[in-house]
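Just need the whole structure built from these sequences, with the hints factored in.
There are 2 protein chains.
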Amino acid sequence: MDNTSLDYLFHPRTIAIAGVSSDSTKFNAGRRFMQALIDCGFKGKLYPINPGGGKVVGVKIYQSIVDVPGIVDYVVSAIPAKYTPRLIADCATKGVKAVHLFTSGFSEVEDREGKSLEAEVLKIARRSSIRLIGPNCMGLYCPREGLSFAQSFPTQSGFPKRSGPLGLIAQSGGNCIYCIREATSRGVYFSKVISYGNAVDINETDLLEYLAGDTDTEIIAAYVEGVKDGSRFASVLRKITKIKPVIVFKAGGTETGARTAASHTGAMSGSGRIWRDLLKQSGAIQVASIEEMVDVSLAFLRLSLSQGRNTAVIGVGGGASVICSDDCSDAGLVLPMLPVQTRRRLKALYGTEAGCIFRNPVDIVPFMGTEVLMDSILAIAGCDQVDIVIIQLGFDIWALIERGYPIEVYLDTMINFKNMVNKPVVVTLHQCATKEAKLLALEVHTKLCEAGFAVYPSIGHAASAINKVIRYNEWREGIREGDG
Amino acid sequence: MDNTSLDYLFHPRTIAIAGVSSDSTKFNAGRRFMQALIDCGFKGKLYPINPGGGKVVGVKIYQSIVDVPGIVDYVVSAIPAKYTPRLIADCATKGVKAVHLFTSGFSEVEDREGKSLEAEVLKIARRSSIRLIGPNCMGLYCPREGLSFAQSFPTQSGFPKRSGPLGLIAQSGGNCIYCIREATSRGVYFSKVISYGNAVDINETDLLEYLAGDTDTEIIAAYVEGVKDGSRFASVLRKITKIKPVIVFKAGGTETGARTAASHTGAMSGSGRIWRDLLKQSGAIQVASIEEMVDVSLAFLRLSLSQGRNTAVIGVGGGASVICSDDCSDAGLVLPMLPVQTRRRLKALYGTEAGCIFRNPVDIVPFMGTEVLMDSILAIAGCDQVDIVIIQLGFDIWALIERGYPIEVYLDTMINFKNMVNKPVVVTLHQCATKEAKLLALEVHTKLCEAGFAVYPSIGHAASAINKVIRYNEWREGIREGDG
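These protein sequence lines are chains A and B, in that order.
Counting from 1300, one number per residue, gives the positions in the first sequence under my numbering.
Counting from 1300, one number per residue, gives the positions in the second sequence under my numbering.
Rather than coming from a laboratory, the hints here were simulated on the basis of the structure.
Watch out, some of these pointers could steer you wrong.
No copy is singled out in the list; a pair is fine if it fits within one copy or between any two copies.
Stated by the list, open to error - Derived lysine-lysine pairs resembling DSS-like cross-links, with alpha carbons at most 27 Å apart:
1. Lys-1646 / Lys-1460
2. Lys-1396 / Lys-1460
3. Lys-1414 / Lys-1646
4. Lys-1734 / Lys-1746
5. Lys-1381 / Lys-1354
Spelled out as structure tokens, the structure:
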């Protein structure tokens, strides 16, 4: 696969932003894009553009792209749709290589003008060999190169400057932002992200091909509403999934969803059933939400999952253990009964079986302190029958809140334990109903993510992600054996 | 139905708590039960019991139930299982009517002793006409009578003293606590809650019959791992669902879940498929989690849902609108296209269609301020085609955080709107990935719940709950027509 053709998109020396207003009292998308690049540490030159001229953050605003003294590699456009053809023509004059059209009001709107405007813009771009991202999208986030579309605010920072192995393409800007926020809050960072909107020129399949060959990208995630060329998409996907996992969230599968997708990105979305079959046959991992996209990415990145599905769940109450047994089974994991000697060991540690369950899930409320807890977890994790360990951390009923235990002691125990066991360890944050529990869960979540844990909001989320990763690994193993 | 037979359980004049230690430095379940009753404002006499005697919170500890000077209506037992037969015998001597056995280590543990001990306890109780709750459970929460099993701590308060229309029975203490915490955090309060554990005497069917006749209870929720007599349960359920909605979460439907349920409450749980059929035929509303139990209760209590499924979703971004279209459709709701005149009105309000979707879901990011937002929402909610309004409140991308908007202004707008529209209004909290967004969401959640809103964590949760309530209402309407 040609992995270089789009690489220049991520290495612009200079960027012009069309539609930057010098009036800082009003909301202005262009200024936000410029500020996002500054905040993310873009090293090249930035040229704000506006027919009205003026200055912004001390930088001169040029009245037109053609007025910019130096070269312009890349343009971000936040001007109204109707002025876009003129802008692209100016870009052609200037020798611009690529334009990201944030601007909406093209093929996704109801009236015909939008569609003909989009066709016109494409025509001019093609004539001048300018590649287009969008229209109607957020563009690029590539922390290594200082490219971003999220400005920092006193109340919320922009996207992290830290890079990671996840590549993302997203037809929706909002879902793209959400995925980045959700992933980075759970310790998953990005190589390259492309919000590509209406995909009038560069489309989902081009981007998948690019990410497949990108050495910074280990895993690919895609939020797709519709594709331009179904058979090319399927054939490219089939090739890529043999090299890297591709996680696909296909939205717009219902009739109403398809109608909305058409209004959103002008996408032709196709039925849910067709997509399920297509993705399955292509070896892609289908997910049903942005959260699940992150769940699965996290399982790929944080857990060394082989083919073993035998899971021990160290729990947090009898009823919760019953539910999590069902959730694990429904997701395809196996909870083997712990061997007699392990159950005896646990009974010895706790002095009684009353109020506990030692079979698996193991229900051990940590009233006995961290030492007993640690010994128990080690005894369970050490069993040959156990491939994966899931620890349910409860807040309302582990009595951590009520008894005012120092949470640090428990977290240190967890973190130590992770280093002592050579098996995938997952933590789930269970039952956080009260405000106090939610605040504590947020704190614990942050700390455990920083310590390198795969943290999930529930057993169901964790089990499903684990099983999808194991299934993919098995599938790929099967293909390799088939090849050999 | 006999609605009086168990009523005395909820009106004890005096309560003895067996197993209260005077040593406040150690964890002691008995002392916690006693403190929970004090914290909840129980008006009757409390008698702590312990062979060692002494004092607790200034109250004399009696060495035995028989030593208590006055009458004892109700006993909470937190002593080890092996001493329980003796305690029940003493209760018989004293003329106690009912005993709640918190104590575990009976039929749910692996060794035979537990089972024979349970049989012995039951035998003594039956001989003396003492009714038993449990063993292996948390007992009663009835705020109107000051009965509770949740002590208040400086870091977390006990259960609310406020009463409400939801009656709950739960075979699991932990899940019972979680359900109470989750429900009350969302503004759903309880008439009576019974955590009933192994159900050696009073069982789920007895309790359902009781709640069916209880005038304080409008809706019944049940967490069940297994039932004692399947055909009686089904026949009672069939009768009750015609009078009140019964929401059932049946756990332990998988093989592993059944094994865990046996270890937890000694329950024989039965296959998931059988239960699905049984619940459907009985007119019960089956749910798959504690959260969904609360989701559905909330929809019953806060929304006047008739048979109309036509929903308008007022949203928060194009991609989110595509997803929520799918989620609503999958859950059985209908999103009618808004009429041309309404779409024209919205286009006039926003000046353009670019960056918005006016079809339904309606994607209107509130950059234009609350007045335009309010006018839009009123125009949409006023459509004849619309039965239900769902507002997606976003935090990351509604730019509420970034732009430092005073959140109060938006909330006031919402609250005003709710009073102006005579249709069910639901709010969902969408996309709360960052810490700042989560904290803001928590604040908004609390305020909107206090203002009487049905608030859901996602469109999927809301849509599914709404559809289940409408389906129940249709079913009951059908039965009435059949009767007439």
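TODO: Using 27 Å as the alpha carbon limit, work out where Lys-1381 and Lys-1354 are close: within a copy, between copies, both or neither.
DONE: within (24 Å within a copy, 84 Å between copies)
Open item on the list: Treating 27 Å as the Cα threshold, decide for Lys-1396 and Lys-1460: within, between, both or neither.
Closed with: Answer is within; shortest intra-copy Cα gap is 25 Å, inter-copy 67 Å.
TODO: Can you give me the call for Lys-1734 and Lys-1746, within, between, both or neither, at a CA distance of at most 27 Å?
DONE: So Lys-1734 and Lys-1746 pass the 27 Å test inside a copy (19 Å) and across (13 Å) alike.
TODO: If the cutoff is 27 Å on CA atoms, where do Lys-1646 and Lys-1460 land: within, between, both or neither? Let me know, please.
DONE: neither (49 Å within a copy, 38 Å between copies)
Task: Status of Lys-1646 relative to Lys-1414 across identical chains (alpha carbons, at most 27 Å) - done: between (71 Å within a copy, 18 Å between copies)
Violation of the numbered hints given earlier is confined to hint 1; every other hint is satisfied by the structure.
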